[in-house]
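For the sequence shown, UniProt numbering gives the first residue as 1, with consecutive numbering after it.
FYI, nobody ran anything at the bench for these hints, they're computed from the structure.
Because the structure is a prediction, the values reported are computed rather than measured.
Check before you lean on any hint, since a few could be wrong.
[As the list claims (entries may be wrong)] Here are the simulated DSSO-like pairs of lysine-lysine, each with C-alpha atoms no more than 30 Å apart in a straight line: (1) Lys414 with Lys367; (2) Lys367 with Lys434; (3) Lys429 with Lys414; (4) Lys409 with Lys247; (5) Lys247 with Lys353; (6) Lys247 with Lys367; (7) Lys367 with Lys409; (8) Lys367 with Lys353; (9) Lys53 with Lys30; (10) Lys434 with Lys414; (11) Lys53 with Lys33.
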Amino acid sequence: MEDAAVFLRIDGVNDAADITVNGWIRSVRKQKKVAFAAISDGSTTAGLQAVLKPGQAEGLSTGTAVRLQGQWVKSSGGKQSHELQVSEVAVLGDNDAEGNPIQPKYQTPEFLRKVPHLRARTPGNALVLRLRSAVIGSLTRFFDEQGFVQCHTPVITSSDCEGAGEVFTVSANPAKGSNGTKQVDRFFKDPMYLTVSAQLHLEALSHAVDRVWTLSPTFRAEKSDTPRHLSEFYMLEAEQCFLDDPKQVMNVVESMLRAVATDLSTSAVYHELLASRGAHHSDEVNVVIDSGTLKRRWEGLQAADWPRITYDEAIKVLEEANDVRSPIFTIQPSYNDGLAAEHERYLATHLGKGSPIFITHYPAVQKPFYMSRSPEDPAKAECFDLLVPDLCELAGGSMREHNAQALHKAMAAKGVSGEGLEWYMDLRKYGSVKHGGFGLGFDRLICYLSGVSNLRDVVAFPRVHMSATRSLDSLVPVTPGQHMAAHDKFILEEEEYDYESLPPNFSLAANMVAGAFAGIAEHSVMYPIDLLKTRMQVVNPTPAAIYTGLGNAIATISRVEGYMSLWRGLSSVIVGAGPAHAVYFATYEAVKQAMGGNAAGHHPLAAATSGACATIASDAFMNPFDVIKQRMQLHGSTHRTLSSCARTVFRNEGLRAFYVSYPTTLAMTVPFTALQFTAYESITKVMQRRRRPGYDPLTHCAAGGLAGGVAAAATTPLDVVKTLLQTRGSSTDAEIRHARGLSSAAGIIWRREGAKGFFRGMKARVVTAAPSTAICWSAYEVAKAYFIRREEEK
1 MEDAAVFLRI
11 DGVNDAADIT
21 VNGWIRSVRK
31 QKKVAFAAIS
41 DGSTTAGLQA
51 VLKPGQAEGL
61 STGTAVRLQG
71 QWVKSSGGKQ
81 SHELQVSEVA
91 VLGDNDAEGN
101 PIQPKYQTPE
111 FLRKVPHLRA
121 RTPGNALVLR
131 LRSAVIGSLT
141 RFFDEQGFVQ
151 CHTPVITSSD
161 CEGAGEVFTV
171 SANPAKGSNG
181 TKQVDRFFKD
191 PMYLTVSAQL
201 HLEALSHAVD
211 RVWTLSPTFR
221 AEKSDTPRHL
231 SEFYMLEAEQ
241 CFLDDPKQVM
251 NVVESMLRAV
261 ATDLSTSAVY
271 HELLASRGAH
281 HSDEVNVVID
291 SGTLKRRWEG
301 LQAADWPRIT
311 YDEAIKVLEE
321 ANDVRSPIFT
331 IQPSYNDGLA
341 AEHERYLATH
351 LGKGSPIFIT
361 HYPAVQKPFY
371 MSRSPEDPAK
381 AECFDLLVPD
391 LCELAGGSMR
401 EHNAQALHKA
411 MAAKGVSGEG
421 LEWYMDLRKY
431 GSVKHGGFGL
441 GFDRLICYLS
451 GVSNLRDVVA
461 FPRVHMSATR
471 SLDSLVPVTP
481 GQHMAAHDKF
491 ILEEEEYDYE
501 SLPPNFSLAA
511 NMVAGAFAGI
521 AEHSVMYPID
531 LLKTRMQVVN
541 PTPAAIYTGL
551 GNAIATISRV
561 EGYMSLWRGL
571 SSVIVGAGPA
581 HAVYFATYEA
591 VKQAMGGNAA
601 GHHPLAAATS
611 GACATIASDA
621 FMNPFDVIKQ
631 RMQLHGSTHR
641 TLSSCARTVF
651 RNEGLRAFYV
661 SYPTTLAMTV
671 PFTALQFTAY
681 ESITKVMQRR
691 RRPGYDPLTH
701 CAAGGLAGGV
711 AAAATTPLDV
721 VKTLLQTRGS
731 STDAEIRHAR
741 GLSSAAGIIW
751 RREGAKGFFR
761 GMKARVVTAA
771 PSTAICWSAY
781 EVAKAYFIRR
791 EEEK
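Required output: the full structure, derived from the provided sequences and hints.
What follows is the structure, given as C-alpha cells:
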C-alpha cells in the first residue's frame, strides 16, 4: 500500500491494477452518471482524484476516512495524469459532515487556531508538518557529518540562562488533606523552572564530547502578543570546545543553513511550497509572499560567503541612511539602544542583498553575562546575530566566557547572584577551555522557509499569553460563511475537480459553437446601446443626430425614426459575430492551453496573450461586418439590408474600405482584450475562492462585466478613431472622407475637438461593454460547461 504522493509524483506512474489507497475525503462532486472524490492522506498537498459510481459515493462527505480499491488509469482531466477508477469503497469511521469545522475552502488562521487538534488536516498545515520533519532530518544529517553528538537537556531546571527572569515556575498540583482541604507540598528542594535555553547544560556536555547539539522545547513567560513570539517554542542549540574565534561558530551556522537549503531544494516539499505560493495572493489576512520571493529566500541561504559586519558598522550604515530631513525609521538609530526590528530589516534587505547577514561584536552591556569580551576591545562581546530578509533575527551566538574570574565579574555586573549556578561555575574550575555556541529559533526558521509570517501557524499547538486550549465543545457555533472565508495565511485551497479547473477537453467544433452562441447573445441584447455609441462618436454629425445623453438619444431616435431603428444593422452582427466569436474563443482556448494557462494557479500573462491572439484572428474576419454595421447605424442611413450596404460600399470605395480601420481596430482591441482577459481571469480567481464548488454563472457574469467596463473606458479614444474611419464613406465632410488611417483620423479629432473629442460616447461605450462582456462570458461559459459535462457523462 503506497502513499498518495507516490501515485501523484511529478514524473507520473504507469497504469496499475488492484491498488489500495487510504485517506480522507476532501470533497465529493456527484453527477448523474458519475461521482468524483478528492482523497488526501497528508503525504502531498494535491488531492488524488477518485472516480466512483453514484451509488458508491452515497454517504461520503468531507472528512470521511475511507479505503479505496481500484485501478490507477490515465485521466482525461487536467489536475493529474492519472486517476483512481474505484471498484470498492470502505468507510473506516464516523464523520459528522455538518459539524466538521474543516471545510474544503479557505478558512482564516484565527478560526483554525481555535481547532488546533483539527487544523493539521488542511493541506497547508500538513505541508508545514512535513517541512518541519524534513528540516529536522536534514539538520540531523548535517550534525552527524560534522561529528556533533545529539543530546537531551532537561526541561525542568534551576537556572535562568538569560538572566531576564521571564520564566515559568514549576510546582506540583495541590494534594487533598485528610480534612478535604488542599495542601501545597514543595516537590523539589529548590525553586525550579521550565527551561529558557539548553545552553548552560550543553556547555557542560560539550566539555565531555567536544561537539553537542539539541533541538528541544524552551519556555519564556513573555507577554508579547506578536507574530514573532510564543510562550513555548523550539530552539536548535549547539556548543563546541577548542574554538578561538566567533568566526568559527558563524562558519558552523552558515554551513548548517546552507546545507539544509541545498539538501531540501530538490525535495517534493520544496516544490510543493513553491507551487502553493504561486496559487495564492496577498488578499489573505497576513502578508503572503509569492513563489519568486520564497525561491529567492532559499537561494539566499544557499549563497556563498554571507556578509559579516560589526555592530559599529551597522549603526553607521543606519545613521547614513536615516536622513535627518526625511527619516526612514520610526525609531532613530542609537548606539546605546541597540537595533530595533526595523533596523534589522533594513540591514538584512540592503546589505544582505538576498542572503543572510551577520552582525558581530555588540556592546557587552547589551548582551548576557556568559558571553566573553573581545580581547581587542573589552567593551565589546565576542558575539553575533544572524539576520535574514523579512524575518530579521534568526540566530545568535558567541564565544562563552571560560575564565572563572571574568565570569564572576560579568555576573556581578549583570546582577546575577549565582545562586543555583554553582555547577556552571565548576565548568571553569575543572578543565576549562575556550568554547562557543549558538541558538537558532527553529520555528522562525520554518516560518522563513515556508513563507508563513506568524509563528502560531507553523506550530501545531501554539501557546501564547492568555491563550487557552479550545475544544469542539467550547466553540461558538460556526456558520458556513466562517468556514468559507478567503483569508487564510497559508491554508491552501482544496483541489476541486469541477469543470472550472479542467482544460478544454472537448472538440474545437464545440469550442466554436460556444463562442458563436456567446457572440450572438452579446451583440443582440446590447445592440441599441451600441448604435447610440456609434452615433455619439461621429465627428461633425448632422444637427438632427446631436444628443444630450443616452436617455435623450433613445427617446429622439424612437420618436423620429421608429423604435425598431435602434436595431438597424443587427443582421450584420448576427451573420458576422457568430463565426468571428467562434474563431475568437477557439483561438483563446488553444493559446491559453499552449501557454499553460489552464494549470493550477494564476496566469495573467497567458490570459493576456491568449486574448490578444484571439482578437487578431477574430477581427480579421469581423472588421468588414463591423463597417457594414456602423454604416447602417448612422443617422439618415439609406441602407436597409446587409447585402445592399456591402455592395454600395464595395462599389463606391473598393475593398480597402472594409479594412481601412483594421490597424486602428487592432491598436484598440489588442490592449482592450489583453486588459479585459487579465482582469477577467484575476477577478474570477478571487471570486471563485468564495463560491461553492461547481459552475457558478454569477461569477462569470460579474467578473466579465467588471473586466469589460474597465477595458472599455481605457480604450475609448481608439474606438472614436475607429468609428471615424469606418463611417468616413458616409460623411459629407471632405476632410473626414479622405482620412487614410489612425494618425490622420486622430489629427482630425484633435484639431476640431481637442482631447475631449477622444472620449465621445465613453459613457455609452462603458454601458455597452460592461453588460455585453458579462453576457458574452456567461453565455460562453454556460455552453462550455454544457459540453464538458456532456463529455464527462460519456
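Status of each hint after checking the structure:
1. Lys414 with Lys367: Distance of about 9 Å is within 30 Å: holds.
2. Lys367 with Lys434: The hint holds at about 19 Å.
3. Lys429 with Lys414: 21 Å, holds
4. Lys409 with Lys247: 25 Å, holds
5. Lys247 with Lys353: 21 Å, holds
6. Lys247 with Lys367: Holds, because 18 Å separates the two Cα atoms, which is no more than 30 Å.
7. Lys367 with Lys409: Satisfied, since the Cα-Cα distance of roughly 14 Å is no more than 30 Å.
8. Lys367 with Lys353: 27 Å, holds
9. Lys53 with Lys30: Roughly 9 Å between the alpha carbons, so the hint for Lys53 and Lys30 holds.
10. Lys434 with Lys414: 22 Å, holds
11. Lys53 with Lys33: 7 Å, holds
Consistency with the previously given hints is maintained throughout, with no hint failing.
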